[in-house]
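Working from the sequences, and respecting the hints, build out all of it.
Read top to bottom, the protein sequences are chains D and B. Numbered by the numbering used here, the letters in the first sequence go through residues 1 to 465 in order. Numbered by the numbering used here, the letters in the second sequence go through residues 1001 to 1174 in order.
Calculated from the structure, these hints are not laboratory results. It is possible that some hints are incorrect.
Stated by the list, open to error - Taking lysine-lysine pairs in the DSS-like style, the calculated list, with each CA pair at most 27 Å apart, reads:
no., chain 1, residue 1, chain 2, residue 2
1, D, 201, B, 1173
2, D, 37, D, 196
3, D, 201, B, 1129
4, D, 215, B, 1024
5, B, 1154, B, 1004
6, B, 1021, D, 215
7, B, 1022, D, 215
8, B, 1173, D, 215
Said to hold, decoys possible - FRET-style restraints, in silico, Cβ to Cβ:
no., chain 1, residue 1, chain 2, residue 2, range
9, D, 144, B, 1090, 24 to 32 Å
10, B, 1069, D, 458, 56 to 64 Å
11, B, 1090, D, 251, 24 to 32 Å
12, D, 48, B, 1003, 56 to 64 Å
We treat Cβ as the ideally placed atom computed from N, Cα and C, and that holds for glycine.
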Amino acid sequence: MSSHYEAPIREPLVLGDKSYHDITVDIAKPIEGKANKNWYIAFTISLIAFSWGIGCILYTIGTGIGVWGLNKNIGWAWDITNFVWWVGIGHAGTLISAVLLLFRQRWRMAINRSAEAMTIFAVFQAGLFPIIHMGRPWNAYWVLPIPNQFGSLWVNFNSPLLWDVFAISTYLSVSLVFWWTGLLPDFAMLRDRAIKPFQKKIYALLSFGWSGRAKDWQRFEEVSLVLAGLATPLVLSVHTIVSMDFATSINPGWHSTIFPPYFVAGAIFSGFAMVQTLLGVMRKVTNLENYITRLHVEYMNMVIMLTGGIVAVAYASEFFIAWYTGSPYENFTYMSVGAATGAYGWAFWSLILFNIAIPQLLWIKKIRVSFIGSFLISIAINIGMWFERFDIIAIVLSKGHLPSTWTRFEPTFVDVGVFIGTIGFFGVLFLLYARTFPVIAQAEVKSILKVSGENYKKLRDGSHE
Amino acid sequence: MSNKVIHALYNDDDILMDAVKKVKAAHHHIDEVFTPFPVHGLDKALGLAPTKLAITAFLYGLTGLSFAIWMTNYMMIEDWPQDIGGKPNFSWVENMPAFVPIMFELTVFFAAHLMVITFYMRSRIWPFKEAENPDVRTTDDHFLMEISVHDNEKELTALLQETGAVEINVIDKH
Chain D
1 MSSHYEAPIR EPLVLGDKSY HDITVDIAKP IEGKANKNWY IAFTISLIAF SWGIGCILYT
61 IGTGIGVWGL NKNIGWAWDI TNFVWWVGIG HAGTLISAVL LLFRQRWRMA INRSAEAMTI
121 FAVFQAGLFP IIHMGRPWNA YWVLPIPNQF GSLWVNFNSP LLWDVFAIST YLSVSLVFWW
181 TGLLPDFAML RDRAIKPFQK KIYALLSFGW SGRAKDWQRF EEVSLVLAGL ATPLVLSVHT
241 IVSMDFATSI NPGWHSTIFP PYFVAGAIFS GFAMVQTLLG VMRKVTNLEN YITRLHVEYM
301 NMVIMLTGGI VAVAYASEFF IAWYTGSPYE NFTYMSVGAA TGAYGWAFWS LILFNIAIPQ
361 LLWIKKIRVS FIGSFLISIA INIGMWFERF DIIAIVLSKG HLPSTWTRFE PTFVDVGVFI
421 GTIGFFGVLF LLYARTFPVI AQAEVKSILK VSGENYKKLR DGSHE
Chain B
1001 MSNKVIHALY NDDDILMDAV KKVKAAHHHI DEVFTPFPVH GLDKALGLAP TKLAITAFLY
1061 GLTGLSFAIW MTNYMMIEDW PQDIGGKPNF SWVENMPAFV PIMFELTVFF AAHLMVITFY
1121 MRSRIWPFKE AENPDVRTTD DHFLMEISVH DNEKELTALL QETGAVEINV IDKH
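What follows is the structure, encoded as structure tokens:
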């Protein structure tokens, strides 16, 4: 039918000779089947890391923040680095599902579910750090504007840290309902296929009794579109506000007006890298190679090249301005000759290598469409983006205006443990998700099958050749 | 009075769309259509009114914005004004730039959540709700059209057969 037309020059997004039923079977398979050995190995490793993290968190709370490597000058280090790193990773999911929906990009449908899951799990990890860093996490509710016995003393709405509370909780909760609403038809599919009564009960509960009436679908599409419209500025606002934690301070190196766009680009950069890392493994483990294809990998790499380019230009301008001001204080910022040649030179050069040099390999088409190449580069970007935040925080704080206070940050095993623990926690959540949730938005993929499916494209385009 | 309905199952969205148009042209009322994925144009073919959820989202957003303005004004200006970083604490308007992030976030928070809750309520979906699709295949690869029977069972069956239904069942609905 003509309404399913797509230009023949566009490569298919669903490979193989698939029918609607095949999509159902392929996406239900990882859930209905048994987990393989690799899954158990990965899950055990994640669980061990997570347990170690819990131990380190309990030790921190029981003994005090003194067990971290923080000192009088560097009062923020790994904790806030990890917080910003995880929030940044959490940006790709909503970008893929919201921004790409507004731009009508069909390739988002194979990856949006997992990217959103990653977003939600990453924001969980991010949220842990400020709460642990409070020292008295049982008072965490003090960040909420609720009446209290102190006067009542309200929260400070002038503070970017409070803006963060509002931005991140809005982001987490809106991403969650966006994700869950999209999941309803897919849970319904699993519910209607389930043979075991327990499984049926669980998926019936999760699907909220979704029945797929014409009116429901009409509302579903409208809600998805409006949520995408709301989530697009929301996702940009979150890292903008995170950057204001630094930019509204008066530290040289932090007090920078380009921080908001630069942080947002960096967040998307790191988020897409993490999606690449996770999906590179997941498509193999769950046998979904026909849905997450080379084309998807290439498109994601293009987004990585664009946002990575923005980040590189931001570094260059920060470096240039630091030098151009002629101010000696600027020579102690994270993007300066001082940083490149100082005690933290190794961190500076790691950032340049992992975040700017290595991603340039993606200009080569062969690497851009290669699964292994993309996977390795995405790991490099994950490391590079961690160093970016560490450099911004630790290098800037290590050298203040008073040389006698200059100091260094040395992480203790607890700093390392909490970080590893959040990676483990993230792994545990994602692995459980991959076994129990439909990892691809099958209803949406079915709706594009006739447009972008390989077999349908061949049928249509065959007559022209 | 018997509550007989016909369930016609189709296995293709294009055949379903043509069938809907034919049944409509024959002046039969289609009670419901269950599909495994959104079929574009189906709501128009069925004559469903456009949804007003986007309008409710706009109104909820305005509510959130108003709430944020009220809250920042009450807490920071009226109830306990404090001098924080020399920011003006005697007038909301002058302190407003610092409140923009809060105003924005609460607008989005209210609009998104209340719209989704409205959607769930209007479509009657919530935890522990029983599913109402009459055939489990409608979440996989089948499309089901439900039509009430008013002593015209034979005529309807013949019409539906003609439209390419793969299965036709007459069911007593309670």
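| Earlier hints that do not hold, by number | The structure breaks none of the hints.
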